[in-house]
Amino acid sequence: MYSFFDVWKAVLEYIQTEYIENNRLSRIAYNLWIDILSPVSLEEGVVTLSVNTVFQKKTVQEQYSKLLRDAFYEVMGFDVTIEIVSEDGLSEVPSSTRLMPRAKLRAGDDNEDFIENGGFKYTFSSFIVGPSNKFAHAACVSVAQNPAQTYNPLFLYGDSGLGKTHLLYSIFNEIKRRRPNTKIIYTNAEQFGAELIEALQKNKQDHSFTDHIAPFKEKYRSADVLLMDDIQFIIGKPQTEEEFFHTFDYLYQAGKQIVFTSDRPPKDMASLTERVRNRFEMGLLADIQPPDFETRVAIIRRKSDALELDMPNEVCEFVANRLKSNIRQLEGVVKKIQAYKLFEGQAPSLLTAQNAIRDVLNSDQPISVTVEKIISEVAKTFNVAVEDIRSKKRNSEVTEARQIAMYILRETTQLSQKAIGAEFSGRDHTTVIYAISTVKDLMATDQHKKRLIQDIIKNIRGN
Numbered sequence: 001m002y003s004f005f006d007v008w009k010a011v012l013e014y015i016q017t018e019y020i021e022n023n024r025l026s027r028i029a030y031n032l033w034i035d036i037l038s039p040v041s042l043e044e045g046v047v048t049l050s051v052n053t054v055f056q057k058k059t060v061q062e063q064y065s066k067l068l069r070d071a072f073y074e075v076m077g078f079d080v081t082i083e084i085v086s087e088d089g090l091s092e093v094p095s096s097t098r099l100m101p102r103a104k105l106r107a108g109d110d111n112e113d114f115i116e117n118g119g120f121k122y123t124f125s126s127f128i129v130g131p132s133n134k135f136a137h138a139a140c141v142s143v144a145q146n147p148a149q150t151y152n153p154l155f156l157y158g159d160s161g162l163g164k165t166h167l168l169y170s171i172f173n174e175i176k177r178r179r180p181n182t183k184i185i186y187t188n189a190e191q192f193g194a195e196l197i198e199a200l201q202k203n204k205q206d207h208s209f210t211d212h213i214a215p216f217k218e219k220y221r222s223a224d225v226l227l228m229d230d231i232q233f234i235i236g237k238p239q240t241e242e243e244f245f246h247t248f249d250y251l252y253q254a255g256k257q258i259v260f261t262s263d264r265p266p267k268d269m270a271s272l273t274e275r276v277r278n279r280f281e282m283g284l285l286a287d288i289q290p291p292d293f294e295t296r297v298a299i300i301r302r303k304s305d306a307l308e309l310d311m312p313n314e315v316c317e318f319v320a321n322r323l324k325s326n327i328r329q330l331e332g333v334v335k336k337i338q339a340y341k342l343f344e345g346q347a348p349s350l351l352t353a354q355n356a357i358r359d360v361l362n363s364d365q366p367i368s369v370t371v372e373k374i375i376s377e378v379a380k381t382f383n384v385a386v387e388d389i390r391s392k393k394r395n396s397e398v399t400e401a402r403q404i405a406m407y408i409l410r411e412t413t414q415l416s417q418k419a420i421g422a423e424f425s426g427r428d429h430t431t432v433i434y435a436i437s438t439v440k441d442l443m444a445t446d447q448h449k450k451r452l453i454q455d456i457i458k459n460i461r462g463n
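Residue numbers 1 to 463, in the numbering used here, belong to the letters of the sequence shown in order.
For the record, the hints were derived by calculation from the structure and aren't laboratory data. C-beta: ideal position from N, C-alpha, C; glycine also. There's no promise every hint is true.
List time: in silico DSS-like cross-link candidates among lysine-lysine, alpha-carbon distance up to 25 Å [to be verified]:
1) 237 x 219
2) 267 x 237
3) 58 x 134
4) 237 x 204
5) 237 x 450
6) 373 x 450
7) 341 x 267
8) 335 x 324
9) 9 x 237
10) 256 x 373
11) 440 x 450
12) 373 x 341
13) 418 x 134
14) 373 x 392
15) 267 x 449
16) 204 x 58
17) 217 x 202
18) 202 x 176
19) 380 x 324
20) 202 x 335
21) 66 x 450
22) 237 x 380
23) 335 x 380
24) 324 x 393
25) 341 x 9
26) 267 x 392
27) 176 x 204
28) 219 x 204
29) 458 x 267
30) 204 x 183
31) 418 x 440
32) 324 x 392
33) 237 x 335
34) 341 x 393
Restraint-style ranges between C-beta atoms, simulated for each label pair [as the list claims (entries may be wrong)]:
35) 215 x 419: 17 to 27 Å
36) 391 x 24: 38 to 48 Å
37) 78 x 217: 43 to 53 Å
38) 358 x 219: 41 to 51 Å
39) 358 x 440: 43 to 53 Å
40) 135 x 219: 48 to 58 Å
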């Protein structure tokens, strides 16, 4: 008999696999509003979850109830009602159905196996080492054992889903285990840029002349170790790139450890300024390639063991032979097979593995998500609103961004010209044809715009 806590873990895994990895929910939002929830009870179709404050309760109810309902439906197969209670409201729930908050449920666990705000064991011991990642793994271990003494900066690069973030978290956990008082900041380039923009906007709006940039700078420049994921997302954002450059120089001159991850090496970041590219290349570059067959099998076995799922050898090898380039997909299939067993009573078999693979691949990048991602990336790069790109506004900045979005959609999706036009207030296919032709001419004459467009396409394909 599985407890509600087991169900909740499956729901969290579903949200991370289907929402975060498909860019339907940011990691920041997940940490702020989903990971704070504690499972309380499931009775007569009502799921009760708890948070600490009334403000958290209100935000989750208003913005994330539908997401939670959908996730529970996918995991359990029937609709539920979501009820959020704050700590003071727990007394309303029958004591016999209460579960301890997750922090207390972890009391028996080894704390070094958890990064803050994370639910997974991201350590070097849980990282499967093979020929494709051996060098990167060794470099990260060296950095964790001797921060700022061996490889600084350390630049990890490789395609999405190969374990770069796992290695970053492992560095975090290992340094914390060895040197508990070390100040480590883990972030990603998008979050860094968002915090900077927020501080700049507050400076403009605050008439009391309070400097909101200073706390932002102090936060990052006071770090002993800075771990920054997905650094490629500073591309095309001049203010973010400028502030990052000064933050990097400050930390490096102060002898602090810096580690980056990216989906490509610095030499392929064509639109970066030369000085930033030089900073990336002044330390050690370590690439991670797709895992070989033996490593893929080992990854599947490790995930199965973690989920207490008995996977026959033939099933492990079947999955490893069909998914060759993405560790997240391998783990996603194992989770799906576990769900079949947990909620439908189906033991792991070649048939369940085949169905799980089909489910994971079919949901890997829905067209609607791809369209939203492309338009959002274009909007951020060219500093216009998403709503304006989709609208019928015709000023030069918006028109150019819209045409570029149409061009990228045509380059990266299977959408027809008519379907692309429908995404932009119902424009007809001739408008799309004209837009694509215009952007091709633009790329032939403007090398800077060409590099920006190429970087957007790389970002899209890397996620």
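Hints, verified against the model:
1. Taken as a hint, the residue 237 and residue 219 pair is honoured in the structure, with Cα atoms around 21 Å apart against an allowance of 25 Å.
2. Restraint check for residue 267 and residue 237: satisfied, since their Cα atoms lie roughly 18 Å apart, inside the 25 Å limit.
3. With a C-alpha separation of about 46 Å, the suggested pair residue 58 and residue 134 falls outside the 25 Å cut-off, and the hint is violated.
4. With a CA separation close to 19 Å, the supplied pair residue 237 and residue 204 stays within the 25 Å bound.
5. Our distance criterion of 25 Å between C-alpha atoms is met by residue 237 and residue 450, whose separation comes to about 15 Å.
6. In summary, the hint linking residue 373 to residue 450 is supported, as the alpha carbons are separated by about 19 Å, within the 25 Å threshold.
7. Proximity of residue 341 to residue 267 is assessed by CA-CA distance (about 46 Å); at most 25 Å being required, the pair is judged violated.
8. Distance restraint check for residue 335 and residue 324: the Cα-Cα separation of roughly 17 Å lies within the 25 Å cut-off, and the hinted pair is therefore satisfied.
9. Of the supplied pair hints, the one linking residue 9 and residue 237 is violated, its CA atoms being roughly 37 Å apart against a limit of 25 Å.
10. Note on residue 256 and residue 373: the hinted pairing is violated, with a Cα-Cα distance of about 34 Å set against a maximum of 25 Å.
11. With a C-alpha separation of about 9 Å, the suggested pairing of residue 440 with residue 450 holds against the 25 Å cut-off.
12. This hinted pair does not check out: residue 373 and residue 341 have alpha carbons roughly 34 Å apart, beyond 25 Å.
13. The suggested pairing of residue 418 with residue 134 is violated, with an alpha-carbon distance near 47 Å, which exceeds 25 Å.
14. Between the alpha carbons of residue 373 and residue 392 the distance comes to roughly 20 Å, so the proposed pair stays at or under 25 Å and holds.
15. Of the supplied pair hints, the one linking residue 267 and residue 449 holds, its CA atoms being roughly 18 Å apart against a limit of 25 Å.
16. Restraint check for residue 204 and residue 58: not satisfied, since their Cα atoms lie roughly 29 Å apart, outside the 25 Å limit.
17. Proposed proximity of residue 217 and residue 202 is supported: the alpha carbons are some 14 Å apart, at most 25 Å.
18. Between the alpha carbons of residue 202 and residue 176 the distance comes to roughly 33 Å, so the proposed pair goes past 25 Å and is violated.
19. For a cut-off of 25 Å, the pair hint linking residue 380 to residue 324 is broken: about 32 Å separates their Cα positions.
20. Taking the CA atoms of residue 202 and residue 335, the gap is about 43 Å. The hint is violated against a cut of 25 Å.
21. Restraint check for residue 66 and residue 450: the C-alpha separation of about 40 Å exceeds 25 Å, so the hint is violated.
22. Using a Cα cut-off of 25 Å, the hinted pair residue 237 and residue 380 holds, with the two alpha carbons roughly 8 Å apart.
23. The straight-line distance between the Cα atoms of residue 335 and residue 380 is roughly 34 Å, outside the 25 Å bound, and the hint therefore fails.
24. For the proposed pair residue 324 and residue 393, the alpha carbon gap of about 44 Å is over 25 Å, so the pair is violated.
25. This hinted pair checks out: residue 341 and residue 9 have alpha carbons roughly 15 Å apart, not beyond 25 Å.
26. For a cut-off of 25 Å, the pair hint linking residue 267 to residue 392 is broken: about 38 Å separates their Cα positions.
27. Proposed proximity of residue 176 and residue 204 is contradicted: the alpha carbons are some 38 Å apart, above 25 Å.
28. Proximity of residue 219 to residue 204 is assessed by CA-CA distance (about 20 Å); at most 25 Å being required, the pair is judged to hold.
29. Pair hint residue 458 plus residue 267 holds up; C-alpha atoms about 14 Å apart against a cutoff of 25 Å.
30. Note on residue 204 and residue 183: the hinted pairing is violated, with a Cα-Cα distance of about 31 Å set against a maximum of 25 Å.
31. As the CA atoms of residue 418 and residue 440 are separated by approximately 19 Å, the hinted pair is consistent with the 25 Å bound.
32. Of the pairs offered as hints, the one joining residue 324 and residue 392 is violated, with about 43 Å between alpha carbons and a cut-off of 25 Å exceeded.
33. Our distance criterion of 25 Å between C-alpha atoms is broken by residue 237 and residue 335, whose separation comes to about 37 Å.
34. Restraint check for residue 341 and residue 393: the C-alpha separation of about 52 Å exceeds 25 Å, so the hint is violated.
35. Checked against the hint of 17 to 27 Å, the pair residue 215 and residue 419 fails, with Cβ atoms roughly 46 Å apart.
36. Between residue 391 and residue 24 the C-beta distance comes to about 23 Å, which lies outside the given range of 38 to 48 Å.
37. Take residue 78 and residue 217: their Cβ atoms lie about 50 Å apart, and the range 43 to 53 Å holds.
38. In this structure the hint that residue 358 and residue 219 lie 41 to 51 Å apart at CB holds, the actual value being about 45 Å.
39. Between residue 358 and residue 440, the C-beta spacing of about 37 Å breaks the proposed range 43 to 53 Å.
40. Taking the beta carbon of each, residue 135 and residue 219 are about 32 Å apart, not inside 48 to 58 Å as hinted.
Hint compliance for this structure: hints 3, 7, 9, 10, 12, 13, 16, 18, 19, 20, 21, 23, 24, 26, 27, 30, 32, 33, 34, 35, 36, 39 and 40 are not met, and every other hint is.
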